[in-house]
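Asks: Residues per chain, in single letters:
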Amino acid sequence: MLNVARLTVGYGRVTVLDGISMEAGRFGNVGLFGPNGHGKTTLLRAVSGLLKPRGGAVQFDGEDITGLTPRAIVGKGLIHVPQGNTLFPDLTIADCLALGAYSSRARPHEAANREKVLKLFPKLRERWRQRVRTLSGGERQMVSIGTALMSHPKLLILDEPTLGLAPKIKDELCKSVLDISKSGVPLIVVEQDVEFLLELTKHLYFVNHGQVETEIKPGENLAHSDIMAMYFGH
Amino acid sequence: MNTAADILFGGLFQGSLYAMMAVGLALVWTTIGVFNFSHGVFMMLGAYLAWQFVALGFPAYVAFPLAVALMAGVGWLLQATVVRPLIGRANLVLVVVITTLAAGSLIENGALVIWGPRSKQVPPLLEGNITLGGIGVSLHQIAIIVITPIILAALWAFLNRTRLGLALRAVAQNEDASRLVGLNVTALYALAFGIAAALAALAGIFLGGYRFMTPVMGADPLLKALIVVVFGGISSISGPIFAAYVIGFFEAICSYYFGLYWTPALLFAALILTLMVKPEGLFTRSGRGFA
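So the sequences go chain by chain: A and B.
Counted the way this note's numbering counts, the first sequence spans residues 54 to 287.
Counted the way this note's numbering counts, the second sequence spans residues 335 to 625.
These are calculated hints, taken from the structure and not from any lab test.
Hints may be right or wrong, so weigh each one.
Covered by chain B, according to a simulated footprint, are these stretches of chain A (three or more residues, beta-carbon under 8 Å) [said to hold, decoys possible]: (1) 101-109; (2) 124-134; (3) 150-156.
Glycine is no exception: its CB is placed at the ideal position from the N, C-alpha and C atoms.
Modelling step: build the complete structure from the supplied sequences, incorporating the hints.
Replies: This is how it looks when you write it as structure tokens:
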């Protein structure tokens, strides 16, 4: 479904991703993990068009989407929830969800998707007219993910959805992410919590130094100690 | 009776003018995050275009909308040439101050070359005078007092009740997130600038209908608009609108009781005091700032 081939991305004179390749969709969900500052977020930003790659190619649903605008990519159903629930601080939840359905592809499904989102996150209904800046971190993340679901995703990218959340809220949110996956939306998830990733998928990439250092495909067993070894060396 | 009427009328009139001058500036600030220092020149150019169309023989009800529409195009053009190419720079705000000042200066001198320094006047929105509550007022001023709230309400409804307005407000708050829901950020910037320039043109036509116009007529309103926007709080449209009327009434009261010469000093004193107590502006919630 998504195919990233030898992608090179950088900021100014710094190269962050040096020919990274990965694919998503063949084995269901995909998990990305690895130390901070090694290119996971940059990879996602390049895939969704926020950054222009210097080389390589991105294919989505059989089409070349390299270098397209984020708007065009959203129009194809590839939806990205960025890291850190910054969103739109002065919009209400109702506004945010309406914005999610802005693209012409998503608009016909607006009412149905809204019901889905509110079923998934009933808390959002209670705070429907509240501004995002007045919400808790967990609620903001719900709005972020809800807004993305309003965009009627064919493939949904979540960049560290549980970052900075209290353990109890985090568990709730993880459950919701699993529900989204069960509802038939394939996911690409960046997470530091590999246990959660393993619950979600058997297809993982360990990203280090702007490269995929290890790809773990379904059927290949992975012990906790292997992950520790990846993070900390041998 | 006369006192109350004087203050009420003066406050409403000045407030309407200030609101009209400031709202475009506020719109550009809230959506693009830059101060457009050619906003005053937009007012001047709008007034001159209106004058030109009237001079060409168009009736005012054709000439004025034509000038306003044309100015929307000028706003778009200015945005495309001296603002959009700079977006993404670290020191965007300062750079745009310089580029819009420069563009404004070019337009101002262009107007001087084309139309000359002799002062002109556009026809008033409505001819004639009436006596209201014991004071004589022109129908032009009454028209401004009536039209301005309608336009501001329409702008408010556009921003808060339509999908496109929602998109404009969203772009103001988070550009990346706006891109990721599929908004065309470039087009929205152009739209904001276009609307702002059109509103400036209307303010210019208001001014040109009761004062003489010169190519430098925009400088003073720009300063006033900046004061209004800073006073009202720069993170929303409604803040500056309320502030415009507050300042209008403040000036009306001051000039009635203390005289015209004291009014600017008192206004700035009030401004300084306000900003010391409420640095984010009079009508802005003391939020935690944009995350």
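Asks: Next step is simple, just say for each hint if it's right about the structure.
Replies: Do the hints match the structure? See the list:
Proximity of the region 101-109 of chain A to chain B, defined as three or more residues with a beta carbon under 8 Å from a beta carbon of that chain, is established by the 3 residues found. Judged by the Cβ-Cβ criterion of 8 Å, the region 124-134 of chain A is covered by chain B as claimed, because 6 of its residues qualify and three suffice. Check result for the region 150-156 of chain A against chain B: holds, 5 residues qualifying (beta carbon to beta carbon below 8 Å, three or more required).
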